[in-house]
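S.K.: Chains V and W, in that order, give the protein sequences. Going by UniProt numbering, the letters in the first sequence line up with residues 1 to 320, in that order. Going by UniProt numbering, the letters in the second sequence line up with residues 1 to 320, in that order.
Since the hints were made in silico from the structure, they are not lab data. Fair warning: there could be bad hints in the mix.
Identical copies carry no separate label here, and so any pair may be met within one copy or between two of them.
As the list claims (entries may be wrong) - Below, a list of computed lysine to any residue pairs in the SDA-like style, where the Cα atoms sit at most 25 Å apart: (1) K222 <-> N13; (2) K242 <-> Q147; (3) K242 <-> I293; (4) K222 <-> V20; (5) K242 <-> L89.
There are 2 protein chains.
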Amino acid sequence: MGEFDLIERFFANSAKRPDVVLGIGDDAALITPPENHQLVITTDTLVEGVHFFADIPPAALGHKSLAVNLSDLAAMGAEPRWVTLAITLPSARMEWLEQFCQGFFELAEYYNVTLVGGDTTRGPLSITVTAHGVIPMEQALTRHQAQVGDWVYVTGSLGGSALALRHLQGQQRLSSEILEVLLQRHYYPQPRVLSGYGLRGVASSCIDLSDGLWADLGHVAKASGCSAKIQVNQLPIHPQVKLQCQNDDAIALALCGGEDYELCFTVPEAMKGSLDVALSYSGIEHCCVGQMIAGQGPVELWQGEQPYTCCHLQGWDHFS
Amino acid sequence: MGEFDLIERFFANSAKRPDVVLGIGDDAALITPPENHQLVITTDTLVEGVHFFADIPPAALGHKSLAVNLSDLAAMGAEPRWVTLAITLPSARMEWLEQFCQGFFELAEYYNVTLVGGDTTRGPLSITVTAHGVIPMEQALTRHQAQVGDWVYVTGSLGGSALALRHLQGQQRLSSEILEVLLQRHYYPQPRVLSGYGLRGVASSCIDLSDGLWADLGHVAKASGCSAKIQVNQLPIHPQVKLQCQNDDAIALALCGGEDYELCFTVPEAMKGSLDVALSYSGIEHCCVGQMIAGQGPVELWQGEQPYTCCHLQGWDHFS
């Protein structure tokens, strides 16, 4: 089976948004973007042995390769619309591709995202998705506009994905019921698209949590020319992480575990009152975990009035 | 050196178009697209051992990974504007990256294209570029609107890249002077962006030649619901291919060699007179090589009034 047949069979027949004039099948996709909107573009690669193990369920890989990109769009407050998929495969196994597509398209369809282009090549397993969203002019959430005094929030819960990864790496044994819950967090992260919509006009900055709260909030602080402090007792640690890990270890997972794909955002004091309403229709909890402070140093950790020391402080950097 | 430092050092400091509100450094790029234009998106992956050999000069790889994508935009008549680059590297070798970037950005700057996002990961060498262009509403060139009777043209010359590849594969020995000329074709294909502009409103269809004229014109014919015939004596075979190969072999390289990255386009009889003027400012030759005909079969080959038989008929399919 040649490249063209593969593409035809698996990727060309997905649903098409009405703004997609030409999808897969020409030299390039042709799209009519909405007026008075800006375009938001992001790309992420998942490589076997670096971002996932060879035995990842193909549906999970399909889901996750799209989800991590939609998460970046969510962090900008954007509405996801069009994606391209470059997939490199050691061989063209039909069953594998079917399951990959099932995971990919289930998420795409949920958010009305159309696959508009792709490339299928032979080689070591690797997936690159480029995702495109739109946002009304001047409404995008960025990293560089947090102000000293703004409150720091996160959506959902932290540390669950990292604990599942520990199990997969053989570092901590979990029972099958607990693993099932946590693998959902690791394999099927839910991009906080609706939370991102709600934060337009409310948050002063936003980032998605791929490297861990400590490192990612550090990116926001650095880009905004200030620092931040986190109250570790306020962290929304995943309930199973609390149960399965010692307290300091649970905090370390929540701060540095990575791959939570929640949103971390800052809200000025004056907008705090609007936040509950703004996020009410997203269906996702949010929780204040700290505050932006003056300074240039790394993000500070506090436990009440006491500085808190965490021995695992590092970002999740696949390339170091 | 970590992923973030790498990205910072090599990719973040490139020139930014004024329509790029946020480039590399946030969760996603933010762009203000022009009004009354459509968006054109394409993506292509180059994998070591499949699309290039391990010893490819890094500058050539940088150039080519962008060029093959700009070529797709050119085939739509689009103006290239923004690209993302996902690069997977076995190790972070500074000299290699510098040369890769030199090849990539020299081409990007020539066409005023801004790198707006990227992902750098560790793994087997692979490059995925997603390129974005714009085109005034309703002016895009497509594959499916060729009509029976339209004339078939190609830009530039054919077969040069494929002959260089033969040398690299050890199948045909070329002298160093000749190789130098042909490796330019193979390593540094020039996307026919200006030709694409010129063809707006003149060509009825267009495709870029990555798989070879015979296969690519076949895609146009199939998409347009007709067939085509090529006059093999009219093919603009690269002069060095004519000199180094027997006549039938030269024709086979021009028809099936692949990776010429010229444009193949169709022009209605009524527009033939406009063509020379339309393409005059591109600086690239064009040449009529055949005509669209009724039928559903594969593209026919003719030598004057006689059917021509080529024993090498196949497209360049990396995945078969």
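S.K.: Hint by hint, where does the structure go against what was stated? Just the numbers, ascending.
M.R.: Going through the list in order, the structure violates hints 2, 3, 5 and respects the others.
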